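K.L.:
Those protein sequences? They're chains A and B, same order as listed. Be aware that the first sequence starts at 2, since it is given in our numbering, and climbs by one per residue. Be aware that the second sequence starts at 2, since it is given in our numbering, and climbs by one per residue.
Everything labelled a hint here was simulated from the structure, so no lab data went into it. Since the structure is predicted, the reported quantities are computational estimates derived from the model, not experimental observations. Mixed in with the good hints there might be a few duds.
Any copy, or any two copies together, can satisfy a pair, since identical chains are not distinguished.
[What the hints assert, rightly or not] The list that follows gives simulated cross-link-like pairs (lysine to any residue, SDA-like), each with its CA atoms no further than 25 Å apart:
| hint | residue 1 | residue 2 |
| --- | --- | --- |
| 1 | K270 | E35 |
| 2 | K399 | D177 |
| 3 | K473 | C133 |
| 4 | K48 | Y263 |
| 5 | K127 | E323 |
| 6 | K345 | E323 |
| 7 | K354 | T299 |
| 8 | K484 | A131 |
| 9 | K484 | F498 |
| 10 | K371 | E175 |
| 11 | K470 | D450 |
| 12 | K371 | S408 |
| 13 | K393 | D177 |
| 14 | K371 | T42 |
| 15 | K345 | T299 |
| 16 | K137 | Q158 |
| 17 | K270 | E405 |
| 18 | K354 | S296 |
| 19 | K354 | T297 |
| 20 | K345 | D37 |
| 21 | K270 | E323 |
| 22 | K505 | M359 |
| 23 | K525 | A347 |
2 protein chains.
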Amino acid sequence: MLGLMQSQQLLISSLIDFAERHHGEGEIVSRRVEGDIHRCTYRDIAKRSRKVANALDGLHLAFGDRVATLAWNGYRHLELYFGVSGSGKVLHTLNPRLHPDQVVWIANHSQDQVLCFDMTFLPIVKAVHARCTTIKHYIALCDADQLPIDTGIPGLQSYEAWIAKQPETFTWPEFDENSASSMCYTSGTTGNPKAALYSHRSTILHAWASGMPDALNMSARDSVLPVVPMFHVNAWGLPYSAAMTGAKMVFPGPAMDGKSIYDLIENEKVTFAAGVPTVWQMLLGHMQQGSLRFSTLTRTVIGGSACPPAMITAFNDIYGVEVLHAWGMTEMSPLGTVCTLKNKHAGMDSEQKMAVRMKQGRGIYGVDMKIVDESGAELPWDGKAFGDLLVKGPWVIKEYYKGEGGSPLVNGWFPTGDVATIDSDGYMQITDRSKDVIKSGGEWISSIDVENIAMAHPAVAMAACVGMKHPKWDERPIVVVVKKPGAEVSREELLAFFEGKTAKWQIPDDVVFVDAIPLGATGKMQKTKLRETLKDYQLPTL
Amino acid sequence: MLGLMQSQQLLISSLIDFAERHHGEGEIVSRRVEGDIHRCTYRDIAKRSRKVANALDGLHLAFGDRVATLAWNGYRHLELYFGVSGSGKVLHTLNPRLHPDQVVWIANHSQDQVLCFDMTFLPIVKAVHARCTTIKHYIALCDADQLPIDTGIPGLQSYEAWIAKQPETFTWPEFDENSASSMCYTSGTTGNPKAALYSHRSTILHAWASGMPDALNMSARDSVLPVVPMFHVNAWGLPYSAAMTGAKMVFPGPAMDGKSIYDLIENEKVTFAAGVPTVWQMLLGHMQQGSLRFSTLTRTVIGGSACPPAMITAFNDIYGVEVLHAWGMTEMSPLGTVCTLKNKHAGMDSEQKMAVRMKQGRGIYGVDMKIVDESGAELPWDGKAFGDLLVKGPWVIKEYYKGEGGSPLVNGWFPTGDVATIDSDGYMQITDRSKDVIKSGGEWISSIDVENIAMAHPAVAMAACVGMKHPKWDERPIVVVVKKPGAEVSREELLAFFEGKTAKWQIPDDVVFVDAIPLGATGKMQKTKLRETLKDYQLPTL
Chain A
2 MLGLMQSQQL LISSLIDFAE RHHGEGEIVS RRVEGDIHRC TYRDIAKRSR
52 KVANALDGLH LAFGDRVATL AWNGYRHLEL YFGVSGSGKV LHTLNPRLHP
102 DQVVWIANHS QDQVLCFDMT FLPIVKAVHA RCTTIKHYIA LCDADQLPID
152 TGIPGLQSYE AWIAKQPETF TWPEFDENSA SSMCYTSGTT GNPKAALYSH
202 RSTILHAWAS GMPDALNMSA RDSVLPVVPM FHVNAWGLPY SAAMTGAKMV
252 FPGPAMDGKS IYDLIENEKV TFAAGVPTVW QMLLGHMQQG SLRFSTLTRT
302 VIGGSACPPA MITAFNDIYG VEVLHAWGMT EMSPLGTVCT LKNKHAGMDS
352 EQKMAVRMKQ GRGIYGVDMK IVDESGAELP WDGKAFGDLL VKGPWVIKEY
402 YKGEGGSPLV NGWFPTGDVA TIDSDGYMQI TDRSKDVIKS GGEWISSIDV
452 ENIAMAHPAV AMAACVGMKH PKWDERPIVV VVKKPGAEVS REELLAFFEG
502 KTAKWQIPDD VVFVDAIPLG ATGKMQKTKL RETLKDYQLP TL
Chain B
2 MLGLMQSQQL LISSLIDFAE RHHGEGEIVS RRVEGDIHRC TYRDIAKRSR
52 KVANALDGLH LAFGDRVATL AWNGYRHLEL YFGVSGSGKV LHTLNPRLHP
102 DQVVWIANHS QDQVLCFDMT FLPIVKAVHA RCTTIKHYIA LCDADQLPID
152 TGIPGLQSYE AWIAKQPETF TWPEFDENSA SSMCYTSGTT GNPKAALYSH
202 RSTILHAWAS GMPDALNMSA RDSVLPVVPM FHVNAWGLPY SAAMTGAKMV
252 FPGPAMDGKS IYDLIENEKV TFAAGVPTVW QMLLGHMQQG SLRFSTLTRT
302 VIGGSACPPA MITAFNDIYG VEVLHAWGMT EMSPLGTVCT LKNKHAGMDS
352 EQKMAVRMKQ GRGIYGVDMK IVDESGAELP WDGKAFGDLL VKGPWVIKEY
402 YKGEGGSPLV NGWFPTGDVA TIDSDGYMQI TDRSKDVIKS GGEWISSIDV
452 ENIAMAHPAV AMAACVGMKH PKWDERPIVV VVKKPGAEVS REELLAFFEG
502 KTAKWQIPDD VVFVDAIPLG ATGKMQKTKL RETLKDYQLP TL
């Protein structure tokens, strides 16, 4: 017997409809590529999203056709989020930090029909357009009078001219909520890039789940700053959850430096900011230098990679900002866990609470997770046993776009490639990426644990722990370190710093000082590249 | 093109699975019919829900068969919530406050196969069982040794004996999320009772929506007291949203008096309580008498009927408890609006904020609403224009069970029977029930406005405004008043109290003092009955 409730498909268009109707005056503030601050409202975004939809209709795209963006976080990008997906096309957010060859490969693989790009990325588009075989329309996200001439890009139009002539009314189509809404490629460590193809349903469910008090806790009283790029897993879904709640949105554009971010937080009364550790490091550096304080920021979510404990402590103890440690991945829309406390922690002192906050957090309803040993058998949730972390849920992929890489699921579960523990309260802690874990004498050493200790040293700006072949122990860890500008620390001092902080056999065999550690397009350390640069390295203990 | 996300049906069984796995030690505290306090955990509830599912299998029920309850809020009722719906049967929560004849009519109409009842309701079951033609199994929610003998109820079993012999393991079936999960009859003012038939999908979506920060704001740090009965629209969905978030639950059982509720709030560190105004009035009365204060309660949601402003002020100003004014109905699962503030209200003083809080609130994402005039044309959101309130959304009914009463929808919108204004920020205010509004000289007088003014008088315990036929004005309002014990106020004093608080022509023509105002099964004033008792009344102005 079926229930007798109204059947209403969960569509992305309903988010912007809701925001317009119930939060029409809600502010959208953007630092533009042009450098100035732009202000508009959800009402404006809604109107202009409908103009985008009409403009796309004018290009005679088919349902499900891909519309790509190469763009920073800003209001025009937001309009494309709703205009493209809302009208039944698929928003493909290209990552501008990729090598142009990769951009070409990805654009051709996804068969993009349209490319909308910020002027910052004109050089990339110039370099790639001749090789992008499916793109028929190029739209520069600028005013008509700023459209560059003689670019060689065929039929290039300015976004503002493109939508100016369109009507403000558009009836969003109704269709199956399982239809594709957007896609995001993940670089992957082996093989070609692979894309997660999100659906309207997965996007709406993820927006609800991520907005909950135990996740990102988003309300109409928030002013939200997504520093995490809209080209990286849809800025963790914040454009959707903000529209769902009517939160003010503040977009940083291309300016991610400490001063720009700090000024935006203060001027726009930001209450909640989201980003990866590397960006927060720049922000904290700027604040330390100027002895600055936050006046409205109360919480920040940190994800993308494990957050150094020193950063959580700094935010909490010095600046009174609650750090929400979060974990997820492109294949998970991305949210899987957020570290918020439970009722039972209420009576704990701040040190005990901090110990909980160091973990990646507990699963939010909708995502289930488990850890398994090498045979696939489930391991206990005791905070000690560690194994491969698997997840499932309605916003986790079942396969990659075009079946790339075959079926990733193991009995319905998606293997995350992370190694983790889960404690009896359900708090998960990543101990390593399965490919980064160091196997020494039959035991596993967590590269993340080693890095966290090194990062706690005042002279260390960045640290990467990698395993080196060893004839007796199989592998032994070394730590590659970038020193803070002007700071000094010797190999011996740093190794001594590890003593008492971890088991003796887990202390690295060596320290290698470098000027920089290679970072990937999403700001994560690229250990594969780092290992290449160390190919002639020899352990001192050999 | 479809997205490539995991397809996972949204089923109620996933809520208790999640609570067991991620919040296994979360507490469930119940004041029992027996009078004592019972403690268990989500882990226990999960285990016993599976025993219920196995026990139901033993009764050879079909998918979709109705299992009825006549029960207070408590852990056994919670187990039935998950065990019945989780296993694919439909939970039918009968309202024990109805007349036995109505119980019979409803049980036969819904074709209940099983009836589980608290011992409090043994007299009802004794009175009705011979006439309940479809119920084959009677389960008394008690221990085996407390099963009464010689009841005449055929095959009566104790719940504890019934589930004791069942295994703790059960694989929840997977099925279409649109399948019926539970049902609730609404008394209706005309015709027979009609039932809303909820689905698994509507229940899960409603749980997400109602848990959001701008709705009931539920987290794992909460201790939730649903005073609103589980037989009334599933206690506003709190059993589901609490399991979804791992919140501690505190059940009051049959004891709704001020002292019992207060003691439970203090002893169980309740942070959030939900109920109708009449219950809170008893609580506030108890606190006033004893000069008591709350130590943990920070917010309360008040719904079911418009909350007297004096009560919102008392909670806020005297007890520091945030009152969330909410509005919904059985046909809406029930949540439609909650009154939480927006970013723009941050700078307002407490009086201005209070003016916002007096309204029923703004729509939560998922529910859309509009007000229309008599021709069905949409009215502006200006806070002044009032008209019939219509709603739609995935947790709003499309029709009643068995098509009772025909198709209620008007162009896809459900007419709520309320008259309301909506302001430019989306805050809705009920001005009246469409059947209670008083039409005087071509103008409408809100019975609720009149009642709110009367209720603000210190001597008034309860007030009902009804319209009386008038040859010249069509109708004129009078106010029927119950005085507080020991308090005195004269007709003239009360009428004078209205002066300056409303337009002269909206002041009632008369005051009628009574000992009690008839209340319905859900604690709402029954104006139909009240009008019957006033059938010989004559306006003094005639």
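K.L.:
Take the hints in turn and mark each one as holding or not.
P.N.:
Against the structure, the hints:
| no. | hint | result |
| --- | --- | --- |
| 1 | K270 <-> E35 | within (22 Å within a copy, 53 Å between copies) |
| 2 | K399 <-> D177 | both (18 Å within a copy, 19 Å between copies) |
| 3 | K473 <-> C133 | neither (51 Å within a copy, 79 Å between copies) |
| 4 | K48 <-> Y263 | neither (31 Å within a copy, 51 Å between copies) |
| 5 | K127 <-> E323 | neither (43 Å within a copy, 57 Å between copies) |
| 6 | K345 <-> E323 | both (18 Å within a copy, 23 Å between copies) |
| 7 | K354 <-> T299 | both (17 Å within a copy, 22 Å between copies) |
| 8 | K484 <-> A131 | neither (42 Å within a copy, 84 Å between copies) |
| 9 | K484 <-> F498 | within (15 Å within a copy, 76 Å between copies) |
| 10 | K371 <-> E175 | between (37 Å within a copy, 20 Å between copies) |
| 11 | K470 <-> D450 | within (19 Å within a copy, 80 Å between copies) |
| 12 | K371 <-> S408 | within (19 Å within a copy, 46 Å between copies) |
| 13 | K393 <-> D177 | both (22 Å within a copy, 18 Å between copies) |
| 14 | K371 <-> T42 | between (42 Å within a copy, 22 Å between copies) |
| 15 | K345 <-> T299 | both (22 Å within a copy, 18 Å between copies) |
| 16 | K137 <-> Q158 | within (12 Å within a copy, 73 Å between copies) |
| 17 | K270 <-> E405 | neither (44 Å within a copy, 52 Å between copies) |
| 18 | K354 <-> S296 | both (24 Å within a copy, 22 Å between copies) |
| 19 | K354 <-> T297 | both (23 Å within a copy, 20 Å between copies) |
| 20 | K345 <-> D37 | between (47 Å within a copy, 24 Å between copies) |
| 21 | K270 <-> E323 | both (16 Å within a copy, 24 Å between copies) |
| 22 | K505 <-> M359 | within (22 Å within a copy, 64 Å between copies) |
| 23 | K525 <-> A347 | neither (34 Å within a copy, 37 Å between copies) |
Going through the hint list in order, the structure does not satisfy hints 3, 4, 5, 8, 17, 23.
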